[in-house]
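Chains as they are written, first to last, in my numbering: chain A, 1 to 448; chain B, 1 to 448; chain C, 1 to 448; chain D, 1 to 448.
In short, the hints are calculated from the structure, not lab data. By construction, the Cβ of each residue, glycine as well, lies at the ideal position given by its N, Cα and C atoms.
Chain D regions said to be covered by chain C (calculated; three or more residues, Cβ under 8 Å):
id, stretch
1, 11 to 18
2, 65 to 77
3, 281 to 289
4, 304 to 311
What follows is a list of derived Cβ distance ranges for each label pair:
id, chain 1, residue 1, chain 2, residue 2, range
5, A, Pro377, D, Arg188, 36 to 46 Å
6, A, Ala378, D, Arg93, 19 to 29 Å
7, D, Arg188, A, Gly435, 23 to 33 Å
8, D, Glu398, A, Ala217, 41 to 51 Å
9, D, Ala353, B, Asp422, 23 to 33 Å
10, D, Glu398, B, Glu347, 18 to 28 Å
11, B, Ala60, C, Ala18, 54 to 64 Å
12, D, Ala443, C, Arg188, 53 to 63 Å
13, B, Glu347, C, Glu447, 45 to 55 Å
14, A, Gly380, D, Glu223, 30 to 40 Å
15, D, Pro51, C, Glu65, 49 to 59 Å
16, B, Asp206, A, Ala423, 51 to 61 Å
There are 4 protein chains.
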Amino acid sequence: MDGSGADGLFAGVFARGAAAAEVDGRAWLQGMLDFEAALARASERAGAGLPDGAAEAIAAECRAERFDAARIGREAAASGNPAVPMVRALTERLPEPAAAYVHLGATSQDAIDTAAMLVARRALGPILADLAGAAVACAGHAAAYRDSVAPGRTLLQQALPVTFGLKVAGWLCGLDEARRALAGVRERVPAVQLGGAVGTLASLGDDGLAVAADMAAQLGLAEPAMPWHTNRTRPATLACALGVTAGALAKVARDVTLLAQTEVAEAAEGGAGGGSSTMPHKRNPVAAVATLACTGRVPALVATMLAAMAHEHERAAGAWHSEWETLSELLRLVGSAAAWLRECVEELRPDPARMEANLAITDGLSMAESVTTRLVPALGRLGAHDVVEEACRRAVEEGRALRDVLRDTPAVTEQLDADEIDAALAPEHYLGVTGTLIDRALAAHAEV
Amino acid sequence: MDGSGADGLFAGVFARGAAAAEVDGRAWLQGMLDFEAALARASERAGAGLPDGAAEAIAAECRAERFDAARIGREAAASGNPAVPMVRALTERLPEPAAAYVHLGATSQDAIDTAAMLVARRALGPILADLAGAAVACAGHAAAYRDSVAPGRTLLQQALPVTFGLKVAGWLCGLDEARRALAGVRERVPAVQLGGAVGTLASLGDDGLAVAADMAAQLGLAEPAMPWHTNRTRPATLACALGVTAGALAKVARDVTLLAQTEVAEAAEGGAGGGSSTMPHKRNPVAAVATLACTGRVPALVATMLAAMAHEHERAAGAWHSEWETLSELLRLVGSAAAWLRECVEELRPDPARMEANLAITDGLSMAESVTTRLVPALGRLGAHDVVEEACRRAVEEGRALRDVLRDTPAVTEQLDADEIDAALAPEHYLGVTGTLIDRALAAHAEV
Amino acid sequence: MDGSGADGLFAGVFARGAAAAEVDGRAWLQGMLDFEAALARASERAGAGLPDGAAEAIAAECRAERFDAARIGREAAASGNPAVPMVRALTERLPEPAAAYVHLGATSQDAIDTAAMLVARRALGPILADLAGAAVACAGHAAAYRDSVAPGRTLLQQALPVTFGLKVAGWLCGLDEARRALAGVRERVPAVQLGGAVGTLASLGDDGLAVAADMAAQLGLAEPAMPWHTNRTRPATLACALGVTAGALAKVARDVTLLAQTEVAEAAEGGAGGGSSTMPHKRNPVAAVATLACTGRVPALVATMLAAMAHEHERAAGAWHSEWETLSELLRLVGSAAAWLRECVEELRPDPARMEANLAITDGLSMAESVTTRLVPALGRLGAHDVVEEACRRAVEEGRALRDVLRDTPAVTEQLDADEIDAALAPEHYLGVTGTLIDRALAAHAEV
Amino acid sequence: MDGSGADGLFAGVFARGAAAAEVDGRAWLQGMLDFEAALARASERAGAGLPDGAAEAIAAECRAERFDAARIGREAAASGNPAVPMVRALTERLPEPAAAYVHLGATSQDAIDTAAMLVARRALGPILADLAGAAVACAGHAAAYRDSVAPGRTLLQQALPVTFGLKVAGWLCGLDEARRALAGVRERVPAVQLGGAVGTLASLGDDGLAVAADMAAQLGLAEPAMPWHTNRTRPATLACALGVTAGALAKVARDVTLLAQTEVAEAAEGGAGGGSSTMPHKRNPVAAVATLACTGRVPALVATMLAAMAHEHERAAGAWHSEWETLSELLRLVGSAAAWLRECVEELRPDPARMEANLAITDGLSMAESVTTRLVPALGRLGAHDVVEEACRRAVEEGRALRDVLRDTPAVTEQLDADEIDAALAPEHYLGVTGTLIDRALAAHAEV
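With these hints in hand, go ahead and build the complete structure from the sequences.
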């Protein structure tokens, strides 16, 4: 039980997938220790005067499992950050002379900022994997249901037909755009931070930049032009990419909850969960709901990261600190959402028959535009529109199918025979460039 | 280590004070178990057919320490909430026939919503205590430094004089208004939730309302007019009161960080923390910084709670879930901020001599309005203004004290002698109703 | 066309109702002028030395329509706030000696903060009226459809039956709680602000508090214990009450969009809007959609107001300014949402027949719990549960109505005859305390 | 006066610079009309059956100044968006047959989404120009004050020395990173939207994609793989880039307000504004304050855009609408902040003498680490640390300069002579790689 909260109890919903383990206290502690190990080795190589073996002695001790994270957390209160007690604990574990060279030339913020970048980069691995899995599943559905006509809905009202494949291709584009951006951020943004107390690297003399470059190489992080201790574009950019990803995930999950409604029933989650022994007719879309539970918390956390960018002078009086758990939460929640959504779409069971049945609810009215289009060449745009509008009005008033009314309408039958009326009312004949759009989405997906 | 995150490592900053222990997984679990115990007892009393002794058998088992919160958390994934595995675990610990009467007539949301209210009410206890402590300390400073003149600053520029007591009285008013509102919310808002699956209490027949009333009495919660499962004004109102409290705390902490600046040095934190062995001149205002670290994260979390209010139909598909950890975070962060700020103001060491010295920086210019005011009766408002403005201009240009320039200015000396000029330039003579305002703030404080 | 934005073009959606006119530039300007008029009169009465007639001369000129708000807005850039050019413009319109007594003893923030309170109080009038209208309409529906059975839905899946009246009673409780809180805030929170440059009222000598009290009385505002220029609980509390109100409105609108879905069709908006000549089958729930458009923007604006509370020293360097338009937006958006939602519910056309039809979709499965409840006395809780679960499983597998399966199941027929089975499956017999809850909501409504 | 708000009155602060004119109602209207003109031309070229001259007749009429934006705004209420009355107004202005071909195949969202992209791209022009101007000014200061020593401050306490050039180089990096990202987003993200009612382009038959491609080329927008009506990564990505930019601007402005404090006085804004006739000693940093006023409102608006991404099905019921004004506000506020900050840094007047004077406040204590570093070779790290710590302690206790204590301390004087002690205490000798870092920042700047 940690000092915080209810997370453990709610981990089933909010800590799904493998990213959660990369953002916990141990992971942050390991990130700080990785910083210290890299610093010691780089300092030795830069000729900063470490005794023989000191760097390796330090590095060998930099393993999170040897430390008491909770104690370090408690002791963080005295200085306001956990790097101070971490350095103390590491130093205490080492013999002289190595002990004297721990954290050489660095400041607390160096260790914590670098740890944040390592935590983020590591957590993004499983997040991107789950996003890729979700995208692959969407691509499969988009191809499989390329021609399955379904109601398109605007403002939650049936409008014109689409295919289920097109709907999923839209999901796919969103997911692919988000994960491509997130992968780019992962490559480009995480950078080592080494600046010393005020960003001058003063206590390292002329060696500072060489040490920083060496550390960047060791840790697989970018080497920034300058220490970025008070230039927070990096954590903010990470947060934003996670925010956009959450939005793309939420779009899919929202649609699944709507499709899974008892009255719509065009798709159901096929996983083991969600059944209810007391309500046997329910198939709760648990994965979609959990995705929305996670993603609903993300936008505000992005705002916190952005609001925290105005760091005062050479170290912020609070704004910096407020990034730590917020970034962790963002990674955990987006990671959990990605894991849930992947399960959701991998197990999704679309019901094309039900889609067709739902399309029939309006008795042809949703195809009115299709009929109009066919009458334009003969009647002109306004003429065609007026004829069809009147027919629709009669269909609604008289409670008849539009087809029957059209067959009764001379202005129509003079232009279209019964088969042509049927064709005009067939959803599969009024899909525009649906197929091509799906192909384009799949082609774009193949390139991600 | 729980599934979530870095909280343990950062607990020193973000889980200060006693509220944190009231919002962790154990606390939520105990809240749900308290719900189950109260439900069993109330059902028995309502004549819902429980066998003799079943209610007490259930209640006796409702102790969080007997359960594995982490396991319940993991199992929550299947159904999307921890109430389902909690009920299962409780049932498994009980013999028949009592086991069959666990959770009778209730739904998961009933248990979790009621637990949320219990968690909130319990956590608000130490939060209000720390707020009261902070207010008491402020009242002490306001009285002690009632007449200690200090620079008043607008847009971070010295403007006219205030007293340090007045500044602190302003803090006091904010804290008192916030905690009065928060205490009112604590009294009024937390309510029992019992509605069954869709809020009709159907499986309890006619007994539902009696059971709910009995539970409210047992748990010390309000009895709502209706189940509030999809009417989220209660959690939203709690969140808002916490948000306003965070803002009142942040105001004080921001001022302390500004006062503690090396170049201002009008107050320092007196606690043990904050000293630096490598930078002996620094006295980091750790408590104020930690307060800002906590409060900076609060506004966005309030937004999450407000955005989650649009619950769909009889149970939300995600919005409800997103409240759980968010409410916990709000309580934890505001609790931590209140504990930090209390320490900050209790240990605050104002330096009245430095305040006076800082007032002297502008060589009298900050008292120009005071001189003008004394000249108005003779010269009229515009005339007085013009004379003083010209004197100020000369003082700046010639690098002289305003006093010296005024003594050289016939239009002034014709009205005011040297003593009167000195008096006009004395900050303590241009404080308006400062003393009365402090008295009013203290009187209001005495009534909270 | 003002300097800002696209508001005019989008006013149809986001500036519905009468509140919008109370928050525009003219309204703010009038608020500042009302401050100046009240200040002049109060100063005269306090004996602050105004020449005879000066106060009335000033007050007579304080009419927004005589000023060029756009020019004042542009000139605000020089000082960073519009009070400076407003005072200048007012002064220019006045002859001496009255001109010299404009804004006597006040600072820009006094005028703007007081104007903000006047704007808020005035805008809350129509907002509360529209909320009341919406609540009255809900009360009407709750009574009219008290017994109209409808599907209750959890996670967007049909669960157990409710009545449409119960659903609307839930809306009503949320609206009533929000508007009662908002009305209380309107009574209690808006206060006059008068402090002078740093809150000491120095240039008014001993008269400051008398002037402030007189102004409060003139303007119908509360008189605070102290100037609240850097204690922002008042604007923050206003924002929060608006935020909770938005959430209560959004809940109703969300439900209406879901009920109005083509496949659900349990309610439609009856207003003139929303029809589509090209899609005659659509009845877009425009009012509900517009409500959601407005309310979706509110939570973040509340966060901005809360984040702006940490004002530095005696006047904030930016945070204060960021409140102005944000508070206006909050009032405008919540006002627009209240106007839209009132129209939505006033014109709402529920379709009880469709509700019953939708309840039948699950062929009795949604009533399983009701059957179980009837079997408990004879079979015990676990026995009853197992029998019904097996019957449900068979019904799903064999594609039969639950009724038919139950009639085939000896364990059932030994306890219940055909009529009793029918009764158990009748939604109207499994509504628990629905009627009583509606009555309680209506009774609470009558007291608001 | 438009329907919205107080914007005009506050335009001086919040609508600075040229971006504001690109996001107002007229600009949005022109964006929609540009869409219609491009659609007509592209349709004609694609052979969609437009009569000769119809496309040009339509295009010729597509000028915003011919339309009544306020009326269109009002009429938008009926359908919930301004595209419907815009199309009607455009159609009414045209003779037949051209009138019949307005908006052919398009839906309201196509026009509004495309307009949003045009508005964003156009507004980003002046925003990027002001950001570039600010960066150029920073580069100038970074070079000019490369060697001007100044206090580095952590948690608002003096720590070790920096140079003013280094501080500004940090600002420069943040601005350059933000504007590079924003410029990239401007190139890549704005895309044409054309999908018809549900994204199938059904009424354009096979011509849809050719029309969309032609429109993209005409409008200078990207051509997306699919219509993006419910894939909101584009507007969200725009919002995020603006959010990060706001944070980079806020960092600079925050530092300027702190540097400009009366007691710090290391820099002042040199513009005309900010002087006060009643407080002649004040030089309000109006531009920095206004920057913070604008940027403080941005994070929450980004959150609104991210929260709005979960569009339902083929058109969102509210979330889409909530983007319109929010995106406008983001562009307006970031544009205003960029214009203000550019003025702020272009006119900034640093005071190197004051920086040196402030460095002297701690009587050498802030240079303790420098002394330690020089003693390490002889005394070892721990030995050196202990000696200096003791000297610092004595300096504080005895109220002496550290220099004097060091000269009295044998453990020091045995290693360092008086000149070496002086050198160790000279800030300019303990700047680490400051110069190189500035050079790197300037080199990176030259490449943007």
